[in-house]
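Student: In order, the protein sequences belong to chains A and B.
If you read the first sequence in the working numbering, its first letter stands for residue 1, the second for the next number, and so on.
If you read the second sequence in the working numbering, its first letter stands for residue 1, the second for the next number, and so on.
Hints are computed from structural coordinates only; laboratory data are not their basis.
Nothing here was measured: the structure is a model prediction, and the numbers come from that model.
Possibly wrong hints are sitting among the right ones.
[Unchecked claim] Taking lysine to aspartate or glutamate and the EDC-like style, the derived pairs with C-alpha atoms no more than 16 Å apart in a straight line are:
hint, chain 1, residue 1, chain 2, residue 2
1, B, 119, A, 40
2, B, 89, B, 154
3, A, 130, A, 211
4, B, 121, A, 46
5, B, 2, B, 154
6, B, 89, B, 160
[What the hints assert, rightly or not] Coverage of chain B stretches by chain A, computed from C-beta distances (three or more under 8 Å per stretch; other residues unrestricted):
hint, region
7, 12 to 20
8, 82 to 95
Here a beta-carbon is modelled for each residue, glycine too, at the ideal position from N, C-alpha and C.
This is what each chain is made of:
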Amino acid sequence: MSFAFAICLAVLFGVAALGTPIGYSMLVASIAYLAASGADLSLAAEQLIQNIYTGYILLAVPLFIVAANIMNAGAISDRLLEFCIALVGRFRGGMGYVNIAVSLIFAGMSGSAVADAAGPGKMIIGMMTKGGRYSRGFAAGITAASATIGPIVPPSIPMVMYALISDQSIGYLFLAGVVPGLLMALVLAVMNYVLAKRGELVREEPVPLRELPRLTLRAIPVLFMPVILLGGIYGGATTPTEAAAIAALYALVLAMVFYRQLSLHGLGQVFSESARQAATVGIVIGSALIFNYIVAAERIPDALAGFLAGINLGPVGFMVLVNILLLLLGTLLDGGTIILVVLPLFIPAARALGIDLIHFGVVAVVNTMIGLVTPPYGMLIFVINAVTGIAIKDIIRGVLPFLAALLMALVVLAAFPDLILFLPRLLGYQG
Amino acid sequence: MKRLTHFLGMGANMVAAGMLAAIFATFLIQIAARYLLTQFGVQLELGWTIELNLTLWLWLVLFTCAFVLHERDHVKFDLIYSHGSMRRKRVFAVLSALSIIVALIAAMPDTWDYVSFYKIKKSPTMRIRLNYVFSIYLVFAGVIALRYGWRLIDVVRGRDLTRDDRDILAD
Numbered sequence: 001m002s003f004a005f006a007i008c009l010a011v012l013f014g015v016a017a018l019g020t021p022i023g024y025s026m027l028v029a030s031i032a033y034l035a036a037s038g039a040d041l042s043l044a045a046e047q048l049i050q051n052i053y054t055g056y057i058l059l060a061v062p063l064f065i066v067a068a069n070i071m072n073a074g075a076i077s078d079r080l081l082e083f084c085i086a087l088v089g090r091f092r093g094g095m096g097y098v099n100i101a102v103s104l105i106f107a108g109m110s111g112s113a114v115a116d117a118a119g120p121g122k123m124i125i126g127m128m129t130k131g132g133r134y135s136r137g138f139a140a141g142i143t144a145a146s147a148t149i150g151p152i153v154p155p156s157i158p159m160v161m162y163a164l165i166s167d168q169s170i171g172y173l174f175l176a177g178v179v180p181g182l183l184m185a186l187v188l189a190v191m192n193y194v195l196a197k198r199g200e201l202v203r204e205e206p207v208p209l210r211e212l213p214r215l216t217l218r219a220i221p222v223l224f225m226p227v228i229l230l231g232g233i234y235g236g237a238t239t240p241t242e243a244a245a246i247a248a249l250y251a252l253v254l255a256m257v258f259y260r261q262l263s264l265h266g267l268g269q270v271f272s273e274s275a276r277q278a279a280t281v282g283i284v285i286g287s288a289l290i291f292n293y294i295v296a297a298e299r300i301p302d303a304l305a306g307f308l309a310g311i312n313l314g315p316v317g318f319m320v321l322v323n324i325l326l327l328l329l330g331t332l333l334d335g336g337t338i339i340l341v342v343l344p345l346f347i348p349a350a351r352a353l354g355i356d357l358i359h360f361g362v363v364a365v366v367n368t369m370i371g372l373v374t375p376p377y378g379m380l381i382f383v384i385n386a387v388t389g390i391a392i393k394d395i396i397r398g399v400l401p402f403l404a405a406l407l408m409a410l411v412v413l414a415a416f417p418d419l420i421l422f423l424p425r426l427l428g429y430q431g
Numbered sequence: 001m002k003r004l005t006h007f008l009g010m011g012a013n014m015v016a017a018g019m020l021a022a023i024f025a026t027f028l029i030q031i032a033a034r035y036l037l038t039q040f041g042v043q044l045e046l047g048w049t050i051e052l053n054l055t056l057w058l059w060l061v062l063f064t065c066a067f068v069l070h071e072r073d074h075v076k077f078d079l080i081y082s083h084g085s086m087r088r089k090r091v092f093a094v095l096s097a098l099s100i101i102v103a104l105i106a107a108m109p110d111t112w113d114y115v116s117f118y119k120i121k122k123s124p125t126m127r128i129r130l131n132y133v134f135s136i137y138l139v140f141a142g143v144i145a146l147r148y149g150w151r152l153i154d155v156v157r158g159r160d161l162t163r164d165d166r167d168i169l170a171d
């Protein structure tokens with residue numbers, strides 16, 4: 001590590017700790033590095049401009065954001081909720097299952113955990129706590145935990161970011177997220193079952209089974225989204241970025257034509273809101289890529305891989321170490337920053353140890369999503385606090401058992417690569 | 001003055017939304033042309049859609065950061081900041097603004113050279129001079145430096161910093 005790079009890190013941590021936006025902190029740190037190493041200061045601008053201007057797959061990010069916002073604005077989530085209540089509300093602790101099921105299906109349409117928690121999550125918490133049937137902490141806890149499924153099941157913005165830094169196929173990464181998403185839903189459902197038994201949680205008034213076909217029919221267009229998306233990519237019809245545009249168009253047609261819940265004015269607001277969110281993510285990605293350029297120029301990942309090889313750390317030890325590190329970072333940093341800045345450090349080492357990079361990426365993304373619900377700095381905890389006003393300490397108490405369940409799922413996924421790689425291999429992944 | 005900046009802000013927001021809508025529409029044209037029109041034997045030259053979208057995406061990010069986003073919209077690591085006293089927050093905000101201003105202004109001459117150097121090169125399909133395409137970065141760097149300069153003065157004069165607490169739903 002050179003002196004200039006030490007300055008770069010010091011500036012990065014110093015400036016970020018002041019509360020400076022992360023994107024600008026990385027930009028400032030990069031310029032400080034260039035100054036300290038006597039390089040041309042325009043390299044920062046060059047990297048940012050060229051990475052965005054040539055980063056075709058990044059265009060999926062704004063389009064997935066548009067799709068998620070259309071679905072929340074267009075009341076598509078409402079239909080989904082009705083359907084899930086009819087399906088699993090009748091069991092003890094029924095709304096817990098409804099919550100998980102909604103997240104799983106919504107995940108198939110949006111790429112963002114925050115969109116899930118702020119949209120359908122908020123509605124479900126309202127229904128659960130009405131009349132004190134479920135405690136506020138429990139309702140908020142299960143909503144936060146189940147929202148982490150969102151970016152695991154395709155489409156997924158974090159997976160696009162990982163594809164960008166690791167040069168892996170987005171298509172295979174998306175496929176690889178399907179089984180882990182289902183597994184996460186399963187462990188959460190088991191935890192809900194355990195808690196429901198102990199706490200005698202209420203059941204929903206069973207919706208007559210003869211109603212089910214009608215409600216299913218109404219929800220089918222929503223359920224169909226992942227099929228269109230994945231079918232388009234794997235059928236070879238569209239590139240993943242084009243698939244993102246189709247996802248947004250599909251959500252638009254559903255909301256405006258099929259359900260007629262979104263006006264032109266509402267659509268304008270969706271685009272305006274989405275533009276702001278896309279730029280917020282975009283500047284972090286752009287600046288992180290300058291930073292990655294510096295890290296690569298300093299050969300840090302290779303040095304790290306060499307060091308890890310030197311201490312004879314096997315693949316198992318490596319996975320354990322990286323996952324613990326990511327979990328710790330996840331309590332403090334946001335998921336996007338970890339994926340863009342921290343993961344590139346470990347990719348050469350993972351490759352050298354013979355760890356499949358799709359497996360590694362999916363485990364790492366699951367890990368950072370768990371970071372979204374780990375206190376003290378869990379983005380989803382803050383989002384739910386902001387939309388419902390439930391106290392942070394109640395949310396944390398409620399989320400802890402589900403957090404334990406998610407951690408178990410993480411361990412299983414890290415230990416059994418076949419669970420993740422099974423689907424991609426079925427569709428031609430050679431790994 | 002307040003009303004003027006309010007209207008300008010709204011206008012900028014509409015421009016940003018328009019750019020995003022244009023990206024979306026261009027993608028739809030690209031997909032329609034490639035998968036539908038070819039079935040009817042119509043072949044369109046579509047290299048421009050990708051280039052247009054990449055240009056719009058670059059402009060969307062930098063333009064929106066420069067003219068639309070507020071301090072509270074950004075992703076931050078505010079664990080240490082948010083637990084400080086009001087006095088410490090003020091000091092932090094000043095130092096933070098200073099670091100951004102110094103870095104962007106220091107890099108400005110080299111960056112100016114870099115962007116203007118591209119006047120000799122045109123984009124591959126739309127044939128736009130690349131110094132025009134990349135000039136949005138200069139606008140971004142200049143405006144951000146100015147805005148943080150303004151913020152610096154504002155904080156020193158007693159700006160209510162709770163207004164900048166992160167608006168999480170803007171994620």
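Student: Does each hint hold? Answer for all of them.
Tutor: Here's how the hints hold up against the structure:
1. For the hint linking residue 119 of chain B to residue 40 of chain A, the alpha-carbon distance of about 19 Å lies beyond 16 Å, and the restraint is violated.
2. For a cut-off of 16 Å, the pair hint linking residue 89 of chain B to residue 154 of chain B stands: about 13 Å separates their Cα positions.
3. About 24 Å separates the Cα atoms of residue 130 of chain A and residue 211 of chain A, which puts this hinted pair outside 16 Å; it is violated.
4. At most 16 Å may separate the alpha-carbon atoms for a hinted pair to count; residue 121 of chain B and residue 46 of chain A meet this at roughly 15 Å.
5. Annotation: proposed proximity of residue 2 of chain B to residue 154 of chain B holds, straight-line Cα distance about 14 Å (limit 16 Å).
6. In summary, the hint linking residue 89 of chain B to residue 160 of chain B is supported, as the alpha carbons are separated by about 11 Å, within the 16 Å threshold.
7. For the region 12 to 20 of chain B, the proposed coverage by chain A is satisfied: 7 residues have a C-beta within less than 8 Å of a C-beta in that chain, meeting the threshold of three.
8. Counting residues of the region 82 to 95 of chain B whose CB lies closer than 8 Å to any CB of chain A gives 5, so the stated coverage by that chain holds, three being the minimum.
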